[in-house]
Amino acid sequence: MGLSSSHSAVLVAIDWGTTNRRGYLLDTNGGTLDTCEDELGLVNIMNKEFYEAFKLLATPWMEEHGPMPAVLSGMVGASTGWVEAKYCSLPAGLDDLAQNLQPVPMGSPIWIVPGVRTRDDIHTPDVIRGEEIQAIAASTSNENLLIVAPGTHSKWIQIKDGRIVWFTTFMTGDVHAAILNHTVISQLHIFNSVVSPKVFALGVKTGYSQNANLTHVIFGARTRVLFKDLEPKDVSGYLSGLLIGAEISGALAALGTSFPKISLIGSEHLCALYRKAFELCGADCNPVTESAIGKTYIDIAKRAGLLECRYECL
Numbered sequence: 018m019g020l021s022s023s024h025s026a027v028l029v030a031i032d033w034g035t036t037n038r039r040g041y042l043l044d045t046n047g048g049t050l051d052t053c054e055d056e057l058g059l060v061n062i063m064n065k066e067f068y069e070a071f072k073l074l075a076t077p078w079m080e081e082h083g084p085m086p087a088v089l090s091g092m093v094g095a096s097t098g099w100v101e102a103k104y105c106s107l108p109a110g111l112d113d114l115a116q117n118l119q120p121v122p123m124g125s126p127i128w129i130v131p132g133v134r135t136r137d138d139i140h141t142p143d144v145i146r147g148e149e150i151q152a153i154a155a156s157t158s159n160e161n162l163l164i165v166a167p168g169t170h171s172k173w174i175q176i177k178d179g180r181i182v183w184f185t186t187f188m189t190g191d192v193h194a195a196i197l198n199h200t201v202i203s204q205l206h207i208f209n210s211v212v213s214p215k216v217f218a219l220g221v222k223t224g225y226s227q228n229a230n231l232t233h234v235i236f237g238a239r240t241r242v243l244f245k246d247l248e249p250k251d252v253s254g255y256l257s258g259l260l261i262g263a264e265i266s267g268a269l270a271a272l273g274t275s276f277p278k279i280s281l282i283g284s285e286h287l288c289a290l291y292r293k294a295f296e297l298c299g300a301d302c303n304p305v306t307e308s309a310i311g312k313t314y315i316d317i318a319k320r321a322g323l324l325e326c327r328y329e330c331l
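Going by the working numbering, the sequence shown opens with residue 18, and the numbers climb by one from there.
FYI, nobody ran anything at the bench for these hints, they're computed from the structure.
Treat the hints with care, since some could be wrong.
Straight-line distance between alpha carbons at most 27 angstroms, and here's what the computed BS3-like set of lysine-lysine pairs gives [unchecked claim]:
no. : residue 1 : residue 2
1   : Lys312    : Lys278
2   : Lys177    : Lys312
3   : Lys177    : Lys293
4   : Lys312    : Lys72
5   : Lys222    : Lys293
6   : Lys293    : Lys312
7   : Lys103    : Lys72
8   : Lys319    : Lys177
9   : Lys293    : Lys245
10  : Lys222    : Lys177
The structure displayed is predicted, hence computed values, not measured ones.
Modelling step: build the complete structure from the supplied sequences, incorporating the hints.
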């Protein structure tokens, strides 16, 4: 049974990451009719039972609205995910993503959005998978915009005329966790969820100015505690500032003296930290207040012709 004209829902979209996922039920204009968020990311799916996990999220919507296609993005398309979706090269926009959708070979109307790849000035490969949707959704077709998505692996993504033209990755969150849990610094660290603004600012300014000496100033997190310049409860906040400051320094150096306006996407907590760090480094940025993520998924589905077909089953 296909969708009739009385159904307003036409697409299931899922941003499916490593630790969690977020599903969207979308109408033909990209409006969000419903959402569903859970912790069934890649690491929490046993025996690669991705199809069962997909049905757990999508079946209630399809039982109510009828069969419809699904577009998935994120780490679900990685080599360790459900089905590997290859990478598009830069520049990459909606047409490129739509033309390279990877079908899931289950006899069901499910497609996975490809990632995007590049090489930097020293030919080191870099990739994004999932953030390409978020970045394009945060921009408009005529904007020249620099999107910063803080996280375990922070992404800096430049959008021009609706296409990704440059990006780079920093393992800021990963390195922060590794230092606190698996180095000599962990012996002096006391967990504290409250970040001291003064300590964070010291870290940012040090990391920004001493980017080339980063491993040296990281060791300073230990010696500052030894010589009472830093309290154990402030080690995490200091390291956060240090690594974020170094990240900003490295990214702005790669971009040169002229770069587009900066916008932040991501969790409220991380965006607040990055916004303060940018301020301390003399750069302006703004959080993205609205995201057209639903419209981005719909545009990809339309360009791939997915909404023109009739579907009989999940």
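Evaluated hints:
no., hint, result
1, Lys312 x Lys278, "23 angstroms, holds"
2, Lys177 x Lys312, "18 angstroms, holds"
3, Lys177 x Lys293, "26 angstroms, holds"
4, Lys312 x Lys72, "23 angstroms, holds"
5, Lys222 x Lys293, "11 angstroms, holds"
6, Lys293 x Lys312, "30 angstroms, violated"
7, Lys103 x Lys72, "24 angstroms, holds"
8, Lys319 x Lys177, "22 angstroms, holds"
9, Lys293 x Lys245, "26 angstroms, holds"
10, Lys222 x Lys177, "30 angstroms, violated"
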